[in-house]
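A.B. asks: Take a look at the letters that make up each chain.
Protein chains: 2
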Amino acid sequence: MDLKSLVNSIKNFEGITRKNLIKDVTGLLEDTYNIAGRTILGFGDDASALEIDNGQVVLLAADGMWGKLMEADPWWAGYCSVLVNVNDIAAMGGIPIGMTNVISTQDKEICAQIMDGINEGVKKFGVPMVGGHVHPDAPYNSLDVSITGIMNRDDIITSCGARPGDKVLVAIDLEGEIHPQFHLNWDTTTMKSPELVQAQILAMNELAQKHLLTAGKDISNPGTLGTLGMLLETSNVGATVELGMIPRNIAVNWEDWLKLYPGSGFVLTAPEGNVSPITQILEKVNVTTRVVGHIIPEKKLYLTSEGDNEVVFDFCTDRITGIHDENP
Amino acid sequence: MDLKSLVNSIKNFEGITRKNLIKDVTGLLEDTYNIAGRTILGFGDDASALEIDNGQVVLLAADGMWGKLMEADPWWAGYCSVLVNVNDIAAMGGIPIGMTNVISTQDKEICAQIMDGINEGVKKFGVPMVGGHVHPDAPYNSLDVSITGIMNRDDIITSCGARPGDKVLVAIDLEGEIHPQFHLNWDTTTMKSPELVQAQILAMNELAQKHLLTAGKDISNPGTLGTLGMLLETSNVGATVELGMIPRNIAVNWEDWLKLYPGSGFVLTAPEGNVSPITQILEKVNVTTRVVGHIIPEKKLYLTSEGDNEVVFDFCTDRITGIHDENP
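Chains as they are written, first to last, in our numbering: chain R, 1 to 328; chain P, 1 to 328.
Chain R extracted, bound-state conformation:
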């Protein structure tokens, strides 16, 4: 495989490039994101954190489903709306406690399929959908879901804590299958028990409580390297990653594998001494975990493979979200 063309394909991947608008939008809210003095984490993380008065934080996240997903498979869109939100809370090390949704559709059959998918997601992940809003007269189909979680303030896993010398770990459940219509959806949950799926979420909470990580982020639409890129950008550091060390199900080629959205997948950073307990906690719940490289001070993401070396992102010139730690 040609490393250069793989890297070019990743750099131009829509899952990454469509993140470019984020800073344009969040930039408008920079002056007010901490207006009440509770905001510990604002933009740039999988979820935001707001302090409450018992040493805990409330975590908030929201996701909209891609229109293409809604049109092709409303059930799957409903199911995934739960999955992606739960993973946003898990990535912070939090406990997801409830969700709300806004559905726009004129088609009762599509609405029923979406709700059926949501209901299956609720049962699988054990997080209730407790409210929301219906637009019965919208001229389009859309589904937006938000989630709230809770955790101890001192335990939060952020995207901004990676430091030079830390190991970079990729943790992915390798046991799954590609969705028949979406070749970048790596489904690892529909075929598994709620107990195992929920144990995967709680494993991240255990890593958080034990303070084993310096940073973490759930692998989402930008794929494994895009998600790592966002973490590096937020942390103001770089990394070097050896392609062959990234855990992969060999049924999927590298190009697709690096772009796909896994049902349970995280990029993590940690001091070398913590790698062993981290790996044990995640592998106990079927999440394969490998050290794939390390953090460097130079603000670039290098991908190496069999002696070749390519720059995936140079954060001095490229931007993914444009959000940095010193300018939240």
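These are calculated hints, taken from the structure and not from any lab test. Since we're looking at a predicted model, the values are computed, not measured. All clues stand as given, with none of them false.
Remember, identical chains collapse to one label, so a pair may be satisfied in a single copy or spanning two.
When the alpha-carbon atoms are kept at most 35 Å apart in a straight line, the in silico DSBU-like pairs for lysine-lysine are as follows:
| # | residue 1 | residue 2 |
| --- | --- | --- |
| 1 | K108 | K4 |
| 2 | K68 | K108 |
| 3 | K68 | K300 |
| 4 | K210 | K284 |
Fit chain P to the known structure of chain R by using the hints.
C.D. replies: Relative to chain R, chain P alone:
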């Protein structure tokens, strides 16, 4: 004025009839809405309540903006997305702590106007927008916002606690103006100081902490009588209301007044002995508060005026949301 034609106009008001789909949607989630055992309040209230372990609850609500509002005045849609969500938390007696949003638009100018409106709402209500999701490639403009609040579990103001004999109160800030493009938007906040607007929200928290109410709900798209109808439906009771007692700004005719969405407006129920302290707390923050009638066991909403008497809703045959207390 002809009471019968006024009542007919209210019964057929789109702001009420479009609530009919709610039960079809929430019905699908009835089995799972309390899957984790934390859900104290699910559907049928302005916000849902999830128990956390310090005697508090986390409140969740979500609202989507009407497409018509987005097209005519994106700034106002952004501003209102904050207002309606904050009012949902206020109606429960809670403290709003943070919001997330999902914006879909291809038009950067519209997006900037929406965000500008949101930012103004954040400053006015003192509740930060801490995260969200942008669809830069959606073929439509939409804005969905969710909010999280917090309060003591024992203080929650619900929609389901109204009991026969309780007084029905309507509380509305009468000092405002009709939006130039939307004759049912009664703006009472853009021209007021953040201090007063936030004091109105905190007044509801004071009513909650003092346990002065048996039920309460913020007046939203269904208007004053539609919102009262939803409260009665959820509480499994009826009421009789004297039209002339409802606080009104006489610049607006009755038909529009009963349908409009006020910037700060609530329907409340309480034992007669609590009417005086409730009124004092609300009038201190410019919210005019009047007893307009009382709760009856018969499941109908009667509207009386100058000796005439009409049935607005008969909950044995009509339904607004279809959500009742015994079947959440």
